[in-house]
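Work the whole structure out from these sequences, hints included.
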Amino acid sequence: MSLLQVKKLRVSYPGAISAAVSEVDFCIERGESLGIVGESGSGKTQTALAVMGLLPPNANASGSVMLHGEQILGAPTARLNQLRPQKMAMVFQDPMAALNPYRCIGKQLRTILRAHRIATGRVARDKVLSMLQKVGLPDPERQYGAYPHQLSGGMRQRVLIASALIAKPDLLIADEPTTALDVTVQAQILKLLQALRQELNTALLLITHDLGVVAGNCDRTVVMDRGRLVEEGSTLRIFAAPVHARTGALIAAAPRLDVAAESAPPPANELPLLEVDEISVSFRERRAGGGRQLRAVLPISFTVLPGETVAIVGESGSGKTSLVRAVLGLLPRNTGSVGFLGMALADGVRQRSNETRRQMQMVFQDPVASLDPAMHVSSIIAEPIQVQDPGTNAAGITRLVDEALDRVGLSQDLRARFPHELSGGQAQRVAIARALVMQPKILICDEAVAALDGTVRRDILKLLLAEQRRSSLSLIMITHDLAVVRQMSHRVLVMYMGRLCELASNDQLFGAPRHPYTRALLDSMPVADPEAVRQEIALWGEPSSMLQPPPGCVFHPRCTYAIARCKEEVPAVTECANGRVACHRAAELDLSTNP
Amino acid sequence: MSTLVALQQLGSQVRRSRVVLVSGGILLAIGVIALLGPLLSPHSYLDTDLDRRLLAPAFAAARLFGTDDLGRDLFVRTMMGVQVTLLVAVVASIVSLVIGVLYGAIAGFVGGRVDALMMRAVDVLYALPFIFLVILLMVAFERSLFLIFVAIGAINWLDMARIVRGQTLSIKEREFVDAARLIGVSPIGIIFRHITPNLFGVVVVYMTLTIPQAILVESFLSFLGLGIQEPQTSLGALVNGGVSQMEQATWVLLIPAGLLAIILLCFNFLGDGLRDLADPRKQAT
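Those protein sequence lines, which keep their order, are chains A and B. Residue 205 in the numbering used here sits at position 205 of the first sequence; the count goes up by one each step and never skips. If you count the second sequence from 1, you need to add 1000 to reach the numbering used here.
Hints are not guaranteed to be accurate.
[Stated by the list, open to error] One-sided and incomplete, this derived list gives chain B residues near chain A with beta-carbon spacing under 7 Å:
id, residue
1, H1043
2, K1172
3, E1173
4, R1174
5, F1176
6, D1178
7, L1182
8, I1183
9, G1184
10, P1197
11, N1198
[As the list claims (entries may be wrong)] Derived DEER-like restraints, expressed as beta-carbon distance ranges:
id, chain 1, residue 1, chain 2, residue 2, range
12, A, E278, B, E1173, 20 to 30 Å
13, B, D1276, A, P265, 49 to 59 Å
14, B, D1276, A, E285, 32 to 42 Å
Read the hints as simulated data drawn from the structure, not as lab findings. Note that this is a predicted model, so its numbers are computed, not measured. We treat Cβ as the ideally placed atom computed from N, Cα and C, and that holds for glycine.
Right under this line is the structure:
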């Protein structure tokens, strides 16, 4: 008998046109790991909620979900509360929302043990501490009394995994457990899940949109599309010979590093369009008496040529966004200057002339939040025209808006829609249209595709490439997704804790990186190929505190190549072929990618 | 234009909420009767008739609510009271709306020292004892309806400014405001085009909650004898008059007091209903 047997599961909501989940069958054996992949809206999460008995009260569920031969669908809450988390448990995407902010983590874990009469008192405390140790929380004794907000995202996710596994369930459901985390932390969490699964013989149901995550972590894979199960099989077979067209499309859209760049050949030697010289940004802690200074960006220089794409990569908190916001004049800069076509630009966006402002536009991460919710699509795109050229008549505006919609591949029917009535991809296209209508020379994309599904992401990137070819637009792409970097960029700037680590051409960076941090980022990237050789974890731990950066090279606490000199001396940025690097050992280390 | 759009959005949602429909309907009905009722009655709010003092309500002689201690028709006087009360409430709320929204939006958007200075000014005004202020005003100037508007508006806008400022602080951090700055929209343009329309939901809802507050303050002032002047009247003044007749003629107290209660209840329900509608989590996407 299978551990979990799902048969003809159907979940629907009153008022919805089609069922959220329909006719889904699958099973999980003891100790097995099963991946469910699909884009947003494919019914992955609804399936998981049905299995956990966590569907909202207005959901209609039919079919059967059997755990150990016991029916879960429609089981009374009291019984479900016995099964959770002793037989099954769940790890959610957002650990901050899943932990109680008012109780320290040790007490939250102990409550589970007490409520299920597993242990009390000292015994419970010891069990909690050993579980925290198992999930790799450094110094569990001290962290026992920590509150969720005092932990980093990766540490919170570890605590959540500890709370799911503390009652030793037979089945662990993880719903996008690493989506909100950096790649380096994602690799650590996935490794941890695998290790714990083997140690405790727990079955794992891993839900994700990222085929790279499934490829390295699941024995079998289920592909879902629009509420239906379209393909099921061993992960090896699914990747090698997908049967369903949808699976093929998902695999084709999966991020890969082993492909050539799609961007047009790098522009010939021209004068730089944008020159950023020694720019730095700092914030003051808000406290009585001034507070400490947080140096978000230390002096960094780079240039952007006409028609060139420069990618800026780094973990969250590395200062990528602060850097471009200072370039745009949205944040005051501490030192340095920004030159545009040989002209020095004013500090704030307000002080710049209409003409220079027009040249630099930005596309934001959250497409819906970057559009005014109270405005129609047509007024959103018309606004820049009205501001730039107040004399334009109504007919002229309509024509320009229609042209812009056409340019980004949107139908004119969308003109009267509100942002919340658009899909993520459509909203991002509107945001791009609003930027393009200004006819900028540089478009800055701050994680512009991070919130989008694989296939939609591909289309948006294609649109950007087409625009670049058409009007020799320069792009600055901030991203944590190295596949996007590989596909789009000519040159790459790698940042760590506000410092420049490496600046290199695309081929140089992916072929022979010079900085150990770049190497670690490349190795952390999950590869959508189940047969790829899995490396040991490339990068342990998380960045140090920005308020108290370590002495010497800020990366040395996590660097496998660190020597005594790295702990004392700050590495200077040195010029080298195809770029720059800031590492004491850059010359002697060979970090090339093995063919 | 975008304010109009926000209005339309709200309008289409109102149709889906029964609480809003019923309480709004009752308020509208009371308002229409208060306007038209006195015109249809043969009596006037001024005429005293000492032979017909404290008549009980009767349909026959067109004395729907009876008469008061001076023999004046209570129906006409109550309707007039409703008119004055609603007028005070609406005008005072509009005053607080205009001042409060502009003040709060500017303080929130500009931020920094300007914000700190503007909000400390609000704190100082909060600290002044209100009744003391009103009595000073009444002594210094001639009592008039206008003065009551000023007095009530002067306290209501403080709350509105605080709420709008808080809301503005969170809206200005959103990415569409950055997008507008990059396009080159001026700070004033951003406040009018992007911030105020997005404040709309909160402000409308808050207004339906300040209206009952204004009504209560007016009634309270009139009850103390600081408000509206005879022979004009308001619901508060009528209740005050009714209290002295309570032992002989209960209706003189109960009718205006009951109407006041119904109006307050309806505004409160209306505010609750609108607040639920304006909650983005409850909006259909």
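Holds or violated: B/K1172 as interface residue toward chain A, Cβ cutoff 7 Å? violated, 12 Å
Hold the hint about B/N1198 up to the distance rule: shortest CB distance to chain A must be less than 7 Å. This hint holds: B/N1198 lies near chain A, its Cβ roughly 5 Å from the closest one there, short of 7 Å.
Okay, A/E278 versus B/E1173 on CB: inside 20 to 30 Å? holds, 28 Å
Closest C-beta approach of B/G1184 to chain A relative to 7 Å, hint status: Holds - the Cβ of B/G1184 comes within 7 Å of chain A, reaching about 5 Å at its closest.
Minimum Cβ distance from B/D1178 to chain A below 7 Å? holds, 6 Å
Grab the minimum C-beta distance from B/R1174 to chain A and call the hint holds if it beats 7 Å, violated otherwise. holds, 6 Å
Supplied contact hint for B/L1182, tested at 7 Å Cβ to chain A: This interface hint holds because 6 Å falls under the 7 Å limit.
Against chain A, with CB atoms and a cut of 7 Å, does the hint on B/P1197 hold up? holds, 4 Å
That 32 to 42 Å hint for B/D1276 and A/E285 (C-beta), does it hold up? holds, 39 Å
Can you let me know if the beta-carbon spacing of B/D1276 and A/P265 is within 49 to 59 Å? Roughly 58 Å apart at Cβ, these two residues keep to the hinted range, so it holds.
B/E1173 was flagged as interface toward chain A. Is the shortest Cβ-Cβ separation under 7 Å? violated, 10 Å
Hint B/F1176 vs chain A: min CB-CB distance below 7 Å? holds, 5 Å
In this structure, the earlier hints numbered 1, 2, 3 are contradicted, and the remaining ones agree with it.
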